[in-house]
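A.B. asks: In case you want the letters, here they are:
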Amino acid sequence: MNAAPQLIGSAGDSLREAFGRALRDLAGEFDTMVVLDADIAGGTGVHHFRAAEPERFFQFGIAEQNMMAAAGGMAAVGLIPVVTGFAVFCLRALEQARLSIAYARRNVKIVASHPGIDVGPDGGSAQCLEDLAAFRAIPNMTVLSPADPREVALATRAMLEFDGPVYMRTGRSPAPRVVSEAHEFIIGKACVLRPGGDVTIIACGVEVARALAAAEQLAGEGVDARVVNMATLKPIDEEMIAACARQTGAIVTAEDHSIHGGLGGAVAEALVRTAPCPMEMIAMCDFGQSGEPDELAQHFGLDAAGIARAVRRVVARKKQG
Amino acid sequence: MPDDLTTMARDIRRLAIAAIHAAGSGHPGGALSAADILAFLYGRELGLTAQNIADSRRNRFVLSKGHACPALYAAAGLCGLVPLAQTVRLRKLGSIMQGHPHVVDAPWTETSTGSLGQGFSVAIGMALGLRHQQAQARVYALLGDGELQEGEVWEAAMCAAHYGLSNLCAIVDYNKMQSDYLNANIMGLEPLGDKWAAFGWRVEEIDGHDFAAIADAFAAARGEPARPSVIIAHTIKGKGVSYMENVPAWHGSVALRDEETQQALADLGVPADEVAAWLAGEGTAGRAA
Chain L
0 MNAAPQLIGS
10 AGDSLREAFG
20 RALRDLAGEF
30 DTMVVLDADI
40 AGGTGVHHFR
50 AAEPERFFQF
60 GIAEQNMMAA
70 AGGMAAVGLI
80 PVVTGFAVFC
90 LRALEQARLS
100 IAYARRNVKI
110 VASHPGIDVG
120 PDGGSAQCLE
130 DLAAFRAIPN
140 MTVLSPADPR
150 EVALATRAML
160 EFDGPVYMRT
170 GRSPAPRVVS
180 EAHEFIIGKA
190 CVLRPGGDVT
200 IIACGVEVAR
210 ALAAAEQLAG
220 EGVDARVVNM
230 ATLKPIDEEM
240 IAACARQTGA
250 IVTAEDHSIH
260 GGLGGAVAEA
270 LVRTAPCPME
280 MIAMCDFGQS
290 GEPDELAQHF
300 GLDAAGIARA
310 VRRVVARKKQ
320 G
Chain C
0 MPDDLTTMAR
10 DIRRLAIAAI
20 HAAGSGHPGG
30 ALSAADILAF
40 LYGRELGLTA
50 QNIADSRRNR
60 FVLSKGHACP
70 ALYAAAGLCG
80 LVPLAQTVRL
90 RKLGSIMQGH
100 PHVVDAPWTE
110 TSTGSLGQGF
120 SVAIGMALGL
130 RHQQAQARVY
140 ALLGDGELQE
150 GEVWEAAMCA
160 AHYGLSNLCA
170 IVDYNKMQSD
180 YLNANIMGLE
190 PLGDKWAAFG
200 WRVEEIDGHD
210 FAAIADAFAA
220 ARGEPARPSV
230 IIAHTIKGKG
240 VSYMENVPAW
250 HGSVALRDEE
260 TQQALADLGV
270 PADEVAAWLA
280 GEGTAGRAA
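Chains as they are written, first to last, in numbering that gives the first Met the number 0: chain L, 0 to 320; chain C, 0 to 288.
Calculated directly from the structure, the hints in this document are not laboratory data. From the three backbone atoms N, C-alpha and C, an ideal C-beta is built for every residue, glycine too. Treat each hint with caution, since some may be false.
As the list claims (entries may be wrong) - Just so you have them, the derived chain C footprint on chain L, three or more residues with Cβ under 8 Å:
no.	segment
1	56-62
2	99-109
3	218-228
Claimed, not checked - SDA-like, lysine to any residue: derived pairs with alpha carbons at most 25 Å apart:
no.	chain 1	residue 1	chain 2	residue 2
4	L	K317	L	I235
5	L	K233	L	E183
6	C	K91	L	P138
7	C	K91	L	N139
8	C	K194	L	G60
9	C	K91	L	K233
Said to hold, decoys possible - Beyond 12 Å from chain C on every Cβ pair, some chain L residues (computed):
no.	residue
10	A92
11	M140
12	E237
Please put together the full structure from these sequences, using the hints given.
C.D. replies: Structure follows, in structure tokens:
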């Protein structure tokens with residue numbers, strides 16, 4: 000048995016607000032960065048940037064397809080465009096991201112707020128569950144889903160320093176702190192938030208905090224669960240996944256996303272190439288619906304209890320050999 | 000009508016036909032209708048050369064109707080941006096001249112196109128970004144008429160007018176036909192000039208095969224101080240090849256058989272003893288670019 004859970008505080012800033020502030024704070028350092036918005040700046044956090052840098056803030060109106068492709072053009076003339084919107088509306092402009100950004104190899108950053116059932120009361124239409132799968136499938140596209148406000152700020156810097164197209168998820172709801180002050184964010188590198196030898200829970204985004212809570216519950220049952228924060232979905236940290244599989248012999252993934260093609264899919268792809276072992280996935284199997292995020296997480300089994308159930312299942316499978 | 004532009008447009012058409020013949024597939028109708036506009040852009044308006052093509056202050060041209068790229072590749076070749084012999088490698092494995100323009104393979108295409116509507120938005124991003132950086136360069140985008148059925152085009156049209164992008168000039172190759180049939184039959188566009196005007200653009204309608212009219216329209220667009228300009232160029236689909244003119248079936252993608260190709264080159268004034276050279280991509284050999 001290892002250390003106590005790493006949850007740092009409970010109430011928190013939202014990932015979108017943390018992103019907006021980070022972007023504002025990095026404006027001076029990245030002077031060719033410009034921000035694109037489709038009339039949703041108050042929701043995505045970039046109102047902070049707009050207030051500080053109005054000349055570098057471009058309003059495109061409710062027209063995401065044009066905004067996404069125009070970002071490719073702005074990058075073509077030497078700017079670093081940061082396209083912002085709700086995740087479902089970034090999905091609407093997926094083909095523009097594919098052709099005019101990724102295929103053309105443009106240095107554009109797409110930052111999507113309001114992913115998953117974490118969106119809450121706005122309901123199923125707004126709860127984007129397909130973005131990680133869709134953007135992950137595009138060649139050249141790096142895909143990030145940081146876990147807490149501090150990590151969002153670090154990831155924002157990392158994506159601006161990185162030369163190439165990036166899709167990053169933030170989040171709507173207040174998020175507890177899960178990474179330490181010493182945390183370093185490196186694209187493509189996962190980190191162990193809680194050591195453990197019986198099973199590894201690999202999570203991203205808002206599910207990381209729930210995974211830590213699940214590990215704490217399981218510790219009381221004598222199950223020693225490792226928790227890994229997989230903030231980069233692509234390129235995925237295959238080395239970390241293989242090491243966890245070899246060392247703990249069982250994997251559970253947890254994500255606020257469709258069960259098809261997101262974190263679970265990415266981890267499974269890596270596992271079959273490296274060190275196959277019993278695996279369970281916590282993710283959405285259907286569209287969401289209205290409700291508070293925590294209620295929805297419980298309803299759809301994405302809460303700590305749901306993750307703990309998956310851990311018990313996978314540990315049983317591991318014991319069966 | 001300046002002779003060099005007439006020659007250039009004729010050569011663009013010949014090269015495009017030879018390239019599509021060599022490829023075994025491609026879109027001749029819209030390449031031929033746009034040839035005079037492309038000749039004027041690359042022969043006069045853009046001022047692009049092999050020496051300045053990487054200059055950040057250069058003018059940009061985006062072929063938003065990417066399927067017409069055989070004509071773009073020919074125009075770029077005639078300006079010395081790429082070896083002309085490569086045009087007959089159109090659509091071949093490993094060629095920089097893909098079936099639709101790809102900027103990573105061919106940087107002088109400025110952006111990858113082939114999904115209608117997107118190139119226009121990219122051009123708007125370029126115009127906005129250049130103005131943001133106080134660059135004087137102008138941006139041009141050539142759109143197909145069928146392309147105007149994409150909703151993104153009208154998002155983009157609204158955006159360019161909202162930002163008063165006077166450094167942007169769109170040209171519509173209005174040959175009245177698209178893949179399956181007439182625009183009017185598929186999804187009507189009229190009143191087209193009124194639509195653009197209502198969206199806040201400076202609109203000019205011209206004969207897209209008349210160089211004097213093309214020259215005047217581009218000059219007027221350059222002089223416009225506050226709005227983006229659109230030149231609605233009335234053209235003939237398949238222009239210059241007798242059996243293709245105004246026949247929607249030659250939109251493409253089609254294969255050109257040997258006898259069809261020979262007839263097309265004859266219609267475009269290629270002497271019988273030069274046909275083999277044009278088919279080999281060497282029709283302009285010995286001539287200065």
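A.B. asks: Work down the list of hints and note, for each, if the structure agrees.
C.D. replies: Consistency of the hints with the structure:
no.: 1; hint: 56-62; in the structure: holds (count 4)
no.: 2; hint: 99-109; in the structure: holds (count 4)
no.: 3; hint: 218-228; in the structure: violated (count 0)
no.: 4; hint: K317/L to I235/L; in the structure: holds (24 Å)
no.: 5; hint: K233/L to E183/L; in the structure: holds (18 Å)
no.: 6; hint: K91/C to P138/L; in the structure: holds (22 Å)
no.: 7; hint: K91/C to N139/L; in the structure: holds (23 Å)
no.: 8; hint: K194/C to G60/L; in the structure: holds (19 Å)
no.: 9; hint: K91/C to K233/L; in the structure: violated (31 Å)
no.: 10; hint: A92; in the structure: violated (9 Å)
no.: 11; hint: M140; in the structure: holds (15 Å)
no.: 12; hint: E237; in the structure: holds (26 Å)
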